Structure formats: structure tokens, C-alpha cells
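Undergrad: Here is how the chains run, residue by residue.
2 protein chains.
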Amino acid sequence: MTENAKAVRPHVVIIGAGFGGLAAAKSLAKAPVDVTVIDKRNYHLFQPLLYQVATADLSPADVAWPIRGIFSSYSNVRVLLGKVTGVDLERRQVRAGDLKVGYDHLIVATGALHSYFGKDEWAPLAPGLKRIIDATEIRKRILLAFERAETAEDAEEQRRQLNFVIVGGGPTGVEMAGAIGELANWALAKDFNAINPRDARILLVEGTDRLLGAFPEELSRYAERVLEKLGVEILLNTQVVDCTDKGALVGETFVPAATIIWAAGVAVPDIGGWLGVETDRAGRVPVQPDLSVSGRPEVFVIGDAAMVPWRGELSVPGIAPAAKQEGRYVADVIRAETAGKARPAPFRYRHFGNLATIGRNAAIIDVGRFRLKGWLAWWIWGIAHIYFLIGVRAPILVAAQWFWAYLTFRKGARLITGLEPLFEHIGKAADPAATGTERRDRRPTRRTGP
Amino acid sequence: MTENAKAVRPHVVIIGAGFGGLAAAKSLAKAPVDVTVIDKRNYHLFQPLLYQVATADLSPADVAWPIRGIFSSYSNVRVLLGKVTGVDLERRQVRAGDLKVGYDHLIVATGALHSYFGKDEWAPLAPGLKRIIDATEIRKRILLAFERAETAEDAEEQRRQLNFVIVGGGPTGVEMAGAIGELANWALAKDFNAINPRDARILLVEGTDRLLGAFPEELSRYAERVLEKLGVEILLNTQVVDCTDKGALVGETFVPAATIIWAAGVAVPDIGGWLGVETDRAGRVPVQPDLSVSGRPEVFVIGDAAMVPWRGELSVPGIAPAAKQEGRYVADVIRAETAGKARPAPFRYRHFGNLATIGRNAAIIDVGRFRLKGWLAWWIWGIAHIYFLIGVRAPILVAAQWFWAYLTFRKGARLITGLEPLFEHIGKAADPAATGTERRDRRPTRRTGP
Chain A
-10 MTENAKAVRP
0 HVVIIGAGFG
10 GLAAAKSLAK
20 APVDVTVIDK
30 RNYHLFQPLL
40 YQVATADLSP
50 ADVAWPIRGI
60 FSSYSNVRVL
70 LGKVTGVDLE
80 RRQVRAGDLK
90 VGYDHLIVAT
100 GALHSYFGKD
110 EWAPLAPGLK
120 RIIDATEIRK
130 RILLAFERAE
140 TAEDAEEQRR
150 QLNFVIVGGG
160 PTGVEMAGAI
170 GELANWALAK
180 DFNAINPRDA
190 RILLVEGTDR
200 LLGAFPEELS
210 RYAERVLEKL
220 GVEILLNTQV
230 VDCTDKGALV
240 GETFVPAATI
250 IWAAGVAVPD
260 IGGWLGVETD
270 RAGRVPVQPD
280 LSVSGRPEVF
290 VIGDAAMVPW
300 RGELSVPGIA
310 PAAKQEGRYV
320 ADVIRAETAG
330 KARPAPFRYR
340 HFGNLATIGR
350 NAAIIDVGRF
360 RLKGWLAWWI
370 WGIAHIYFLI
380 GVRAPILVAA
390 QWFWAYLTFR
400 KGARLITGLE
410 PLFEHIGKAA
420 DPAATGTERR
430 DRRPTRRTGP
Chain B
-10 MTENAKAVRP
0 HVVIIGAGFG
10 GLAAAKSLAK
20 APVDVTVIDK
30 RNYHLFQPLL
40 YQVATADLSP
50 ADVAWPIRGI
60 FSSYSNVRVL
70 LGKVTGVDLE
80 RRQVRAGDLK
90 VGYDHLIVAT
100 GALHSYFGKD
110 EWAPLAPGLK
120 RIIDATEIRK
130 RILLAFERAE
140 TAEDAEEQRR
150 QLNFVIVGGG
160 PTGVEMAGAI
170 GELANWALAK
180 DFNAINPRDA
190 RILLVEGTDR
200 LLGAFPEELS
210 RYAERVLEKL
220 GVEILLNTQV
230 VDCTDKGALV
240 GETFVPAATI
250 IWAAGVAVPD
260 IGGWLGVETD
270 RAGRVPVQPD
280 LSVSGRPEVF
290 VIGDAAMVPW
300 RGELSVPGIA
310 PAAKQEGRYV
320 ADVIRAETAG
330 KARPAPFRYR
340 HFGNLATIGR
350 NAAIIDVGRF
360 RLKGWLAWWI
370 WGIAHIYFLI
380 GVRAPILVAA
390 QWFWAYLTFR
400 KGARLITGLE
410 PLFEHIGKAA
420 DPAATGTERR
430 DRRPTRRTGP
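Each protein sequence line maps, in turn, to chains A and B.
Note that my numbering has the first sequence beginning at -10, numbered continuously upward.
Note that my numbering has the second sequence beginning at -10, numbered continuously upward.
Hints in this document: simulated from the structure, not taken from any laboratory.
Just so you know, not all the hints are guaranteed correct.
A pair holds if it fits inside one copy or across any two, identical chains being indistinguishable in the list.
No more than 25 Å apart at the CA atoms, straight line, and that leaves these computed lysine-lysine pairs for PhoX-like [claimed, not checked]: (1) K235 / K72; (2) K119 / K15; (3) K179 / K19; (4) K129 / K119; (5) K179 / K15; (6) K129 / K29; (7) K72 / K15; (8) K330 / K15; (9) K179 / K72; (10) K29 / K179.
All figures in this text were calculated on a predicted structure; none of them were measured in a lab.
Whole structure, please, built from the sequences with the hints as guidance.
TA: In C-alpha cells:
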């Protein structure tokens, strides 16, 4: 049957509908192949803006787009919702639970999560920011921290609720620190009675000697200055040694903190096992110059899951343009093969540059010799992201929300959602004696305050 | 201490930040009182549009607004996040876990949930639509049903996944039936390979002899015709007798269905117990003509939680305008009392009319002798809701999303979010034998289909 089917059209299976997988599938949409995209979620996630969900600027639906919607006009692409559990390389089948899907070409584009450097037990204490549930969880924790500080009886506990530790000074860590700073300084500033949100202490902890290591030093220093103006404390050359439900051991100092956010390291789950290959410590799979796996010319690995050497580094940067280029390249290889032509020349990554945002009116751009910082860079960052959102989400809607938030300093998506028992514990730290509650009870409201 | 404090300013505690609670708090914002609003969620929910979250038209943040944001400019209103667990009427204290909040006036405005008529075990099988987590849960179930139908091996299971049973033919049931019909007929129509979403069977089950009983019969019949055009089957004079995880017993027929949505009955939890009063079977509290509780002139119940007789009915309609009028009335009573004046005349509900939407270009309006149906009613419905959203969420953003969806027939918020193990069971119904999967494996894609 497989032989028969092969005579019809080769079948390309793509695992993962991130930037790499989508680019490959779109590139193959008009080729004489059948394509199946398997993802465990029904949406493509526009990861560069995910942090804005965590900081209540955007809603999940603003940064995610149903995969079926993306491919509804591509007649040779089908979409399967399923969690891949293994690959049978001999029979050329992808397994997703009981479901088996045969392939002629396989593209593995599953992406990466953050790495806890072997301390996976920290994950629930210090969530990373890779999935929508991470973002809504972090949003919930940040907003609940202010709520709990408001009702805390105990000054120490109140202090702890207002401490935020962010681990990792890469783009995600910098964006989160900046956005929490803005939340505390502007969006929430007038919303509480017992606390001043501006008292929040935001610690950004980075292991190396500067933030945003991928950028020139001059732009890193600029990012530090902007964050410091927002009240962010930056600790360089410092490691987070331990995380507990009370706080983080930062270097040799224990910082009591209710909210710890993890934005460090790279970990690629599972793929080495599926493909039976050695990976690097992060789980990334080494690939041939054509991005195929050694000895398996029909199996490709792209995006954050692949190790593609570049300029003396172990791999190209883990950014969307790199994954897209790899996806398109692999589609070219498969098209050539299907047409009976020779495989194209080895993959070459074209680096267009880096851009990162720090906060309102502050971003940095590094494109070859062109460097820019400040408000113009920030507008360019915004316009570039609106542009890349095209095809993902009606970009005009995101633009409208940003513009609204820009004008009003408000954050629209400040929802603490989740299961019911959320608020049962509020006030648990309070002294149940009547005196304490009587005091709180009559706490002067703002009109009577200073 | 209480006497002392009372000398300063009376303290009004409002439980619940729905339409009634908000109206009362806003009305008291400039009065010489201190106001505390307690809610177990940090947002006000614009319930009339909640069904649009369940049907992937809007995001949660479009229909919810942080309570703190609403009151940040009211200096005598403070907001507490907490789940009320009881009321001590003698000591005039509201308990929320360990937290105790004293009051001089108490306004109970907790709203209502759907009633399962004593069969609370059906709740997880047939979720209602009262909270954001209900809406995202229903959205997940609807979208997953299509996904599971797409991968089902077994024709019977595929059929079951495409059956939707909606219990209750009031506004929520009608809106849900219409919106699922549109999802199946338009938004999802081209997105699948193995199934045709238009084959979805949508059953709307109503116990009385017509839909939308609060409207004149002529408009009910119109709603039936519109729904039938969308492919909705309407079963009148029919009860849902049982719900299981396989489907619903509708009258005497068992309908296999993966998705059951509950939109019937009214249940008010807890309040009778808190206040030590007899309630009706739905848990609603009977109130005096001034909306206070018998023998407790300082305690008021408003909104869906209260029984306020009207035109021979047990209570005024459970709609936002009624709750708002009651909230404002109670604020007047408290203001009069604080000023040492007599209580105002008894509460009188002013009914402005009903409006309901059925689907695209189809709504009904009933305002006294003025009745309207069709596209103009639908535009009026839309504009009225945009208008009432003012102060809740930047209404221009919701308008932009509606307009976008109107032009494109797309639904932007089609996200299946939640915990990870969601998709583990997909394909579990499949025959694990290789033959079955080989068949699926090579299922022709649309290009090769008919």
C-alpha cells in the first residue's frame, strides 16, 4: 500500500506549527506533495509578542491563530491535532498516541522550552514563557501578587508579594522586567489603597556581564539605563542558585519573592529519543548541511530543535527568521527531490539583524552597521511586529489595542482567570484576631489619606 | 471602635461587582460614605456578550474589565479580592476566609448561576455559561469536538462528536445555537478534510412551547425560522431527562453528543444561609419594597439574587437594566439615610424592553409596542451593546473585531487553551490496527477529493 501511495504523491509530515513548520508547509502548498501538519495545539503562536499576554497588554487570541484557518485555502495541506509520542524510522511512521501517520519526508519543527539546568522541580515555582498557559499563569501571578500585597496583614509578607525576580537577561527577561516596571509605575499606580504599586521591587538576574548578549555592548548599556529608570534592579554576573515557594536564592542572598519568572536556557524535549540520535546538552539535534539527520536523508530537523552551526557558534540564533529560512530551505530540498533534481546547495543562514524592546518608547535595533535606540527604534519594532503579524491575526486589531494602551497607559487584559479556588487563600497570612481586622476594616480610603 | 468609626463615615460593603454592585458603588462614589467592593474575581464581566467568548468571536478580555481600573478614580471606593464565606449579622461583619470586614450598610449583589434542577452532577457534563472559565471551557469543547470528529476512526463516534445539545431556549440558548450554527456553516466550513463541519447537528431543547418566552410570540417564531435556516433543530415541549458523558436523554430519545451546553434555570448560591432567611427554590431572597431584608434595614439584596415582584411575576427580569436600577435605588436609600432624611419611595422597576440576537443580521427587539426583527434589529443590538460597553472595555476594539469578523466570516479567538494533557486522548477511539491507520494515513486531501 505504501508503494502504491508513493506512486501518487509523496507525503510530507511536519511536526510542529511554529515559525519553521508553517514556513515549510506554506512553501510546499503548491508542490506536488501531500502535507500533514501535526501539532498538539490548534493554534500557531506568535511567540515574540507572548510576553505581552503575560503583562496584560494583549489577549491570547491576539498572538495566536488557529492552524486550520491558516491552511483552509491550501488544498494539499491537512492539519491534525495530536501529541506526537514517537517516530518509527524504519516504517516511516509518526506515532501520536494510537494514531500512526506514514511519511515519505519528515520535518521535525517542535521548538524549544526554557531549561532549568537540571532543576525541573523549579518549573512550577518559576514558570517560563513559551506557551499560552505560561503567559496566562504569569499574568495571574503578577496580578495576584499586587492583590495579596493589598490585603496582607504582615509587612514582611506584603514586601514579599511586591518582589519580582526575573531570571535571565535575554530579550524575554528584559521585556518582562520592562513591562512589569510599567505595570507598577503606570497601569496599576492608582488602583490600590493599602500599597503603592510603585514600591514593587523588580530584580533582573543575569549570569553574564551584560544584558542582551546578542547585541553590541553600547545597546546593552542603553537597555540597562532604561530599565533602571523604570526602577528595575539589574544583577549581572549573578546566578539564581535555588528557587522555593518563598523566594529565590540569588547569588548568596535569599530574596523573598512571590513571583519568579524564568527566562533562561534552552531545552528541546524528546526529539533525540524519537530519532535515536545523540543531541547536545540542550537536546538539540545536530544536522547535515542540508538540515537532514545523519543517515536519514528523508528526516529533517529545523528551528530551535536543530543545531545549525553559524559564525563559530554552535547554532544560528533562536529567532523566527532563522526558523523560517530553514523551513523554506527544507521545502526546496523536498521539492527538488520530488522533481528528480539534485538537492540544492547547503543551507546558509542570512542574518538580518536583531531587535528588542525594553519598554514604552524604548527599543534597540542592530542591523549590521546600523544601530538605533530609543523611540524611533520602538516605533520601528512595533511596525515590524504588526507587519509580521499579517496572516496571523488581523494586525489592525493589535495595532488598535496598542494605540489605545499607548494613549491611556491602561492594560486591557488584566484578568486573573483560572479555576475557582484561586482566592481562597487570600488573607490567610492575616492575623485572624479581631483587632487586626478591625484595623484593616477601617483603613482610611484615599480621600482621607495623605 | 465601631462607634468611633461610624462617627467618621458610614461604611458600605458591596458583595459582587456585577451590574448591580457596580451601579450601587458608582452611585455612592460621591456620597459621604466609604465603600468596599468585594468580589472573588478581579474583573467585572459584561455577561450579555459572554456567549461570544464561548463561540470564539471575542476574547475574555473583551468582555471583562478589571474592577480596580473601574474605581481607580473614585477616591472613596476600595476593592477587595476575596471569596465571601459568611455574614455575621449581629456584629455587622462580612467574612471572607480569615478576613473580616465590618459594615454599616451591606449590599448583596452576587448574581445567579444556572440551575441543574437538583442534578448538580450534570454540571461537568453540561457546563453553563455564567463565568469566563465556563465560556473558555465551552469554546474548548466545541472546537475539540470538530477536531475529534476529524480524527475519529469510527463513524458512530464521528457522528457523536458532531452532535451539539443545547438545553434551554432562552436568550443564552438561542444565542449559542445560532453561533454554533454559524461556526459550522461559515467559519469552520472549509477547514477540515475528513468531515464537513456543516454536517454538525445542533439540537436546541426547550421545555415550554416556544423559544424566548419573554418576547411576543411573533418574535419567537421569527427566531425559530432563523435558527432552522442555520440548520438548528428545535425541540419544544421537551425536557432533557438525563446527561451522561456519552450524550443526553432528550425526552425519550437518547442523543449521543460530545457537547452539551446548559442554558436553563436560575440558582442563587449561599445567600439564604449567610442572611439566615428563607429563599425560594432558586435560592433568591425575598426583599422589602426598599430592597432590604426583612428585619435588617441595613442589609439589601439586589440583582438576580433578589426576588422583586413585578407585574404578577415572582421577580423582575434577570437582565442588566433591572440590576442597575436596583443598585442605584439602594444607593439612594443609603444616601438618604446618611443625610438623616426619610427613605425614598419603594423601588419601582422601569422595563425598557428586551432585545436578543439570534445570528448574523438577525436580532429581535421588543420595546412596548415597538417590535423589530431582522438586520436593522441586529445592527441596533450591536450598537446598543457597544454603547453599554463604554466604561467596561474600549468599545472601539470590540467594534473593530466585530466588523472584521463581519467582513471575513472569520472567528479570531478559536483557541483551545488549557492544561497540557488535552490531546492525549485524541485518536483513542481509533482502531490501533495498522490497516485502519494506513487508510487514514492516505486519506485523499481536498485537491483529490470530489
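Undergrad: Work down the list of hints and note, for each, if the structure agrees.
TA: Hints and how they fare:
Only between protomers do K235 and K72 lie at most 25 Å apart by alpha-carbon distance; the minimum there is 24 Å, versus 34 Å within a single protomer. In this assembly of identical chains, the alpha carbons of K119 and K15 lie at most 25 Å apart only when taken from the same copy (23 Å versus 40 Å across copies). Taking CA atoms no more than 25 Å apart as the test, K179 paired with K19 passes between copies only; the shortest distance there is 18 Å, against 55 Å inside one copy. Taking the closest pair of Cα atoms, K129 and K119 come within 25 Å of each other both inside a single copy (16 Å) and across two copies (20 Å).
In this assembly of identical chains, the alpha carbons of K179 and K15 lie at most 25 Å apart only when taken from different copies (17 Å versus 47 Å within one copy). In this assembly of identical chains, K129 and K29 lie within 25 Å of each other by CA distance both inside one copy and across copies; the values are 24 Å within and 14 Å between. In the homo-oligomer, the alpha carbons of K72 and K15 lie at most 25 Å apart inside one protomer (21 Å), although the nearest pairing across protomers, at 49 Å, exceeds that limit. In the homo-oligomer, the alpha carbons of K330 and K15 lie at most 25 Å apart inside one protomer (21 Å), although the nearest pairing across protomers, at 73 Å, exceeds that limit.
For a Cα distance limit of 25 Å, the shortest separation of K179 from K72 across copies, 23 Å, qualifies, whereas the shortest one inside one copy, 45 Å, does not. Taking the shortest alpha-carbon separations for K29 and K179, only the inter-copy value of 21 Å comes in at or below 25 Å, while the best intra-copy value is 41 Å.
Of the numbered hints stated above, none is contradicted by the structure.
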